[in-house]
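Please build the complex by placing chains B, C and D on the supplied structure of chain A, with the hints as guidance.
There are 4 protein chains.
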Amino acid sequence: MDDIDIEHVAERSLSDPVLIEGLPGVGHIGKLVAEHLVEEFDSECVRRVYADEFPPQVTVDDEGVTELTAAEFHGIQTPGDSPDLLVLTGDHQASTNAGHYKLTSAFLDVAESFGVDHAYALGGVPTGELVEEYTVLGAVTNADLKETLEAADVEFRADEPAGGIVGVSGLLLGLGERRGMNATCLMGETSGYLVDPKSAQAVLEVLQEVIGFEVDFSSLEDRAEEMEEVVGKIQEMQSQQQQQVMGDDDLRYIG
Amino acid sequence: MDDIDIEHVAERSLSDPVLIEGLPGVGHIGKLVAEHLVEEFDSECVRRVYADEFPPQVTVDDEGVTELTAAEFHGIQTPGDSPDLLVLTGDHQASTNAGHYKLTSAFLDVAESFGVDHAYALGGVPTGELVEEYTVLGAVTNADLKETLEAADVEFRADEPAGGIVGVSGLLLGLGERRGMNATCLMGETSGYLVDPKSAQAVLEVLQEVIGFEVDFSSLEDRAEEMEEVVGKIQEMQSQQQQQVMGDDDLRYIG
Amino acid sequence: MDDIDIEHVAERSLSDPVLIEGLPGVGHIGKLVAEHLVEEFDSECVRRVYADEFPPQVTVDDEGVTELTAAEFHGIQTPGDSPDLLVLTGDHQASTNAGHYKLTSAFLDVAESFGVDHAYALGGVPTGELVEEYTVLGAVTNADLKETLEAADVEFRADEPAGGIVGVSGLLLGLGERRGMNATCLMGETSGYLVDPKSAQAVLEVLQEVIGFEVDFSSLEDRAEEMEEVVGKIQEMQSQQQQQVMGDDDLRYIG
Amino acid sequence: MDDIDIEHVAERSLSDPVLIEGLPGVGHIGKLVAEHLVEEFDSECVRRVYADEFPPQVTVDDEGVTELTAAEFHGIQTPGDSPDLLVLTGDHQASTNAGHYKLTSAFLDVAESFGVDHAYALGGVPTGELVEEYTVLGAVTNADLKETLEAADVEFRADEPAGGIVGVSGLLLGLGERRGMNATCLMGETSGYLVDPKSAQAVLEVLQEVIGFEVDFSSLEDRAEEMEEVVGKIQEMQSQQQQQVMGDDDLRYIG
Numbered sequence: 001m002d003d004i005d006i007e008h009v010a011e012r013s014l015s016d017p018v019l020i021e022g023l024p025g026v027g028h029i030g031k032l033v034a035e036h037l038v039e040e041f042d043s044e045c046v047r048r049v050y051a052d053e054f055p056p057q058v059t060v061d062d063e064g065v066t067e068l069t070a071a072e073f074h075g076i077q078t079p080g081d082s083p084d085l086l087v088l089t090g091d092h093q094a095s096t097n098a099g100h101y102k103l104t105s106a107f108l109d110v111a112e113s114f115g116v117d118h119a120y121a122l123g124g125v126p127t128g129e130l131v132e133e134y135t136v137l138g139a140v141t142n143a144d145l146k147e148t149l150e151a152a153d154v155e156f157r158a159d160e161p162a163g164g165i166v167g168v169s170g171l172l173l174g175l176g177e178r179r180g181m182n183a184t185c186l187m188g189e190t191s192g193y194l195v196d197p198k199s200a201q202a203v204l205e206v207l208q209e210v211i212g213f214e215v216d217f218s219s220l221e222d223r224a225e226e227m228e229e230v231v232g233k234i235q236e237m238q239s240q241q242q243q244q245v246m247g248d249d250d251l252r253y254i255g
Numbered sequence: 001m002d003d004i005d006i007e008h009v010a011e012r013s014l015s016d017p018v019l020i021e022g023l024p025g026v027g028h029i030g031k032l033v034a035e036h037l038v039e040e041f042d043s044e045c046v047r048r049v050y051a052d053e054f055p056p057q058v059t060v061d062d063e064g065v066t067e068l069t070a071a072e073f074h075g076i077q078t079p080g081d082s083p084d085l086l087v088l089t090g091d092h093q094a095s096t097n098a099g100h101y102k103l104t105s106a107f108l109d110v111a112e113s114f115g116v117d118h119a120y121a122l123g124g125v126p127t128g129e130l131v132e133e134y135t136v137l138g139a140v141t142n143a144d145l146k147e148t149l150e151a152a153d154v155e156f157r158a159d160e161p162a163g164g165i166v167g168v169s170g171l172l173l174g175l176g177e178r179r180g181m182n183a184t185c186l187m188g189e190t191s192g193y194l195v196d197p198k199s200a201q202a203v204l205e206v207l208q209e210v211i212g213f214e215v216d217f218s219s220l221e222d223r224a225e226e227m228e229e230v231v232g233k234i235q236e237m238q239s240q241q242q243q244q245v246m247g248d249d250d251l252r253y254i255g
Numbered sequence: 001m002d003d004i005d006i007e008h009v010a011e012r013s014l015s016d017p018v019l020i021e022g023l024p025g026v027g028h029i030g031k032l033v034a035e036h037l038v039e040e041f042d043s044e045c046v047r048r049v050y051a052d053e054f055p056p057q058v059t060v061d062d063e064g065v066t067e068l069t070a071a072e073f074h075g076i077q078t079p080g081d082s083p084d085l086l087v088l089t090g091d092h093q094a095s096t097n098a099g100h101y102k103l104t105s106a107f108l109d110v111a112e113s114f115g116v117d118h119a120y121a122l123g124g125v126p127t128g129e130l131v132e133e134y135t136v137l138g139a140v141t142n143a144d145l146k147e148t149l150e151a152a153d154v155e156f157r158a159d160e161p162a163g164g165i166v167g168v169s170g171l172l173l174g175l176g177e178r179r180g181m182n183a184t185c186l187m188g189e190t191s192g193y194l195v196d197p198k199s200a201q202a203v204l205e206v207l208q209e210v211i212g213f214e215v216d217f218s219s220l221e222d223r224a225e226e227m228e229e230v231v232g233k234i235q236e237m238q239s240q241q242q243q244q245v246m247g248d249d250d251l252r253y254i255g
Numbered sequence: 001m002d003d004i005d006i007e008h009v010a011e012r013s014l015s016d017p018v019l020i021e022g023l024p025g026v027g028h029i030g031k032l033v034a035e036h037l038v039e040e041f042d043s044e045c046v047r048r049v050y051a052d053e054f055p056p057q058v059t060v061d062d063e064g065v066t067e068l069t070a071a072e073f074h075g076i077q078t079p080g081d082s083p084d085l086l087v088l089t090g091d092h093q094a095s096t097n098a099g100h101y102k103l104t105s106a107f108l109d110v111a112e113s114f115g116v117d118h119a120y121a122l123g124g125v126p127t128g129e130l131v132e133e134y135t136v137l138g139a140v141t142n143a144d145l146k147e148t149l150e151a152a153d154v155e156f157r158a159d160e161p162a163g164g165i166v167g168v169s170g171l172l173l174g175l176g177e178r179r180g181m182n183a184t185c186l187m188g189e190t191s192g193y194l195v196d197p198k199s200a201q202a203v204l205e206v207l208q209e210v211i212g213f214e215v216d217f218s219s220l221e222d223r224a225e226e227m228e229e230v231v232g233k234i235q236e237m238q239s240q241q242q243q244q245v246m247g248d249d250d251l252r253y254i255g
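If you're matching them up, the sequences are chains A, B, C and D in order. Numbering-wise (UniProt numbering), the first sequence opens with residue 1 and increments by one. Numbering-wise (UniProt numbering), the second sequence opens with residue 1 and increments by one. Numbering-wise (UniProt numbering), the third sequence opens with residue 1 and increments by one. Numbering-wise (UniProt numbering), the fourth sequence opens with residue 1 and increments by one.
Chain A with its partners taken away, still in its complex shape (with noise of 0.2 Å):
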């Protein structure tokens, strides 16, 4: 195997197509609103990605058969006039700093063979608490792209997030720009401590006005109401931690 290795698993004639990334990362936003895409919409599968920056480990699926850790684009021919989609997602980032660097550049030039002239990289910033309103944030490799993003409700912070964008989502917008692609990061805040359906909606929300697909969100609505019951759980048995310390705090200023 090379270092890197594009198997072409189905052609799939895309219209316009933007690139959707959902790769892990803070909150596993990207991947949540990639993979309900995928299932929403009649997607193909139409290249993997084997990397030799990937873990070196198959996967054993409900019948026991393995498949080779890969990163999977699937196809997707959106109703009406709006562009089609190109979806990136998988189950890792690269292990080092050059495999980021390399990966990237062959999720480009995948994405550039099925004609992308934008690439949306979705991800999480981590706020350190509960989100109660979740908002999206935005950074773009080029002004212009701001207006229809602002219109969308996205909001751009100057020099936020204070880290900058790593991993996948960071250099699809640092490298594309280099190309010539534009690229756009959409950010849902989010806790960073769970995984988090209702910001992926907000995420799922943004791109659906922005690129103009409508797509179904039930599916994403029942894993954040089931993500809501826990973290429900969570805030009870914190306050009930609370008033215990509180008591015993009242039992010695009493005394």
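For the record, the hints were derived by calculation from the structure and aren't laboratory data. Every clue listed holds true.
Not close to chain A: a few residues of chain B, all C-beta gaps over 12 Å, as computed:
{"hint": "1", "residue": "Met1"}
{"hint": "2", "residue": "Ala10"}
{"hint": "3", "residue": "Glu209"}
{"hint": "4", "residue": "Val215"}
{"hint": "5", "residue": "Glu236"}
Ranges of calculated distance between the beta carbons of each label pair, as one might list FRET restraints:
{"hint": "6", "chain 1": "D", "residue 1": "Glu7", "chain 2": "C", "residue 2": "Arg157", "range": "26 to 36 Å"}
{"hint": "7", "chain 1": "D", "residue 1": "Glu7", "chain 2": "A", "residue 2": "Arg179", "range": "35 to 45 Å"}
{"hint": "8", "chain 1": "B", "residue 1": "Asp16", "chain 2": "A", "residue 2": "Ser218", "range": "47 to 57 Å"}
{"hint": "9", "chain 1": "D", "residue 1": "Asp144", "chain 2": "B", "residue 2": "Val230", "range": "33 to 43 Å"}
{"hint": "10", "chain 1": "C", "residue 1": "Tyr193", "chain 2": "B", "residue 2": "Pro24", "range": "44 to 54 Å"}
{"hint": "11", "chain 1": "B", "residue 1": "Gly128", "chain 2": "D", "residue 2": "Asp109", "range": "48 to 58 Å"}
{"hint": "12", "chain 1": "B", "residue 1": "Pro79", "chain 2": "A", "residue 2": "Ser219", "range": "53 to 63 Å"}
{"hint": "13", "chain 1": "C", "residue 1": "Arg179", "chain 2": "D", "residue 2": "Glu221", "range": "35 to 45 Å"}
{"hint": "14", "chain 1": "B", "residue 1": "Gly180", "chain 2": "D", "residue 2": "Glu147", "range": "45 to 55 Å"}
{"hint": "15", "chain 1": "D", "residue 1": "Gln208", "chain 2": "B", "residue 2": "Pro24", "range": "37 to 47 Å"}
{"hint": "16", "chain 1": "C", "residue 1": "Arg157", "chain 2": "D", "residue 2": "Ile234", "range": "25 to 35 Å"}
{"hint": "17", "chain 1": "C", "residue 1": "Asp159", "chain 2": "D", "residue 2": "Glu132", "range": "28 to 38 Å"}
{"hint": "18", "chain 1": "B", "residue 1": "Arg157", "chain 2": "A", "residue 2": "Arg179", "range": "42 to 52 Å"}
{"hint": "19", "chain 1": "D", "residue 1": "Gln208", "chain 2": "B", "residue 2": "Glu214", "range": "56 to 66 Å"}
Cβ-to-Cβ under 8 Å is the rule here; a few derived chain D residues that face chain C:
{"hint": "20", "residue": "Pro55"}
{"hint": "21", "residue": "Asp62"}
{"hint": "22", "residue": "Glu63"}
{"hint": "23", "residue": "Gly64"}
Since the structure is predicted, the reported quantities are computational estimates derived from the model, not experimental observations. Where is the CB? At the ideal position from N, CA and C, for every residue including glycine.
For chains B, C and D alone, kept in the frame of chain A given last:
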């Protein structure tokens, strides 16, 4: 030296050989089986694979003579009509992700040069507790391979092992499949804490049945008995400790 | 992208330029000096060096527009007859040993393409305590370079710094010399705990004198004053803590 | 710079030279012996090996002049008929597995270019306690080499050192043998806690006898005496501490 260097130690013609891989791993199951085959049969080292991914190290033998770290292929002509064996063993896996891919590719090159069209990767699945019944788990590159294995009591469990199969064993399946080679992973259940000749025996019994050779088990049984004595002593010590703890508690409760 | 990619941002003719390197390091001395020169003079970014040894990262500017991590060369035409300046700065060093060598070689290639024949690598030497007098230590590729530097109050101490000079600064001297380029390392003494504009000022004064340009110091002095206030507060807190500790001791001894 | 760069510092014709390697390692035995030979004989640095596997570093000499990290080969014409010496020393080993292989290959290339057909890799074996009798352990690429060494009181112990021989020393034997070069590893027993000139002396005595040169030992003996004083003080401190502990115990037992 190149990154990987394959030494032709001897030529031996093998008829319809299968590859049996037993590098170090959980419970040393694979290594025990591979070494048992090499010792019990009339085997010959045919290839040595040196790699700069291995530790920079020589071992010293009982004469004080050094040998450079390598993986070894041993050729075995089995009696009768059953396939001959090409057995891969050694003391090390690779040290980086990319190294695992390169090394496994080299192993598959050697296997192909001997006409191998089926690879058996042997390993262990850690259960976290002492094992009473030695189940052998299977995973395959191709669902058609399951029938024969299930007939030999190999179990297939959906999505197990949960973390997938890693290292050279995993990639023999992942990269093997990409070359059109059938590959089977046989994993003996084992505690994960000790070298486990009994689990190795269970894996060897499966191999015997599905490949069709016969081998003497006595030396492996001897090792299994030695290990059982060790395990027995550990269990004794544990139960004594528990009694002591209980004794201490009793005293306190009595007082 | 190749391992290293040099973007020609602008062409500017520089007369007899010297290279001034100020990448991040102890006390950020080098970076402070380099950025001060870029801000105070009429400078222009002439080259950007992208490298897969840098973190896979984009930064986000105050407009929400991203920029791929890079090191930058700025060209400065100094007034009068003194040599022009080619100033190298950035936010990162390389992430591996081999990466430092590759990156520094690329930096020297750029410098040579501008006709540089003398490189100044700037940095700090940690003293472990707050510095009162800001000595500048020197190290050179060639003993002939010492006279001019000593005339500008640069100190040369046998075998110092004890651990040698590491990173890009060290290799600009080591690899520069191997190409026949003169190189000088100027290291401001600094505590090592804080960003140190005062030590940067001492280094800048040496540079002014040995290269022969003149630059306004006021903004660096402002930063130095801000830092001195910070240091003052730290010292105050420390002396208060010491008094408290002594007070506690006194009480005990009295009791 | 290439990955590895060999500088031809000087040409010196060596007659039937043997390679003597003394890079840093346990007890610095090898380095002490190599440096002693370079100092005592009329030696000349003939090659410098630069490698991007070494730290990105320059050292600063007593004049403030820098030198790029490198390994050095020194040529020594011994008096009389005994083989000349090509002595390899330096301050660093490689930083990765693959780097050790590349670096040792380069070292063997240099050795071959001087006509070396026997390499002596020098090192230490840690015993974990202060050594009274300075045994020298041996390991060889070829059992025929043992007779001469045993005549010089070198001990060969089955399967020792247990962990094999690692680093450049190990690979000089492993890769040397693959090129058809004889190689011997001489390991002085040493505590493993301190630089050990006495163990180095034992190794040097073996070298003298098997190669056939003679060298003045006095400076090494001086260093050994200095270290013995250090060791003496450590032992004194330890026995005082033990007495104190015993004293404390006595008091308790008395009470």
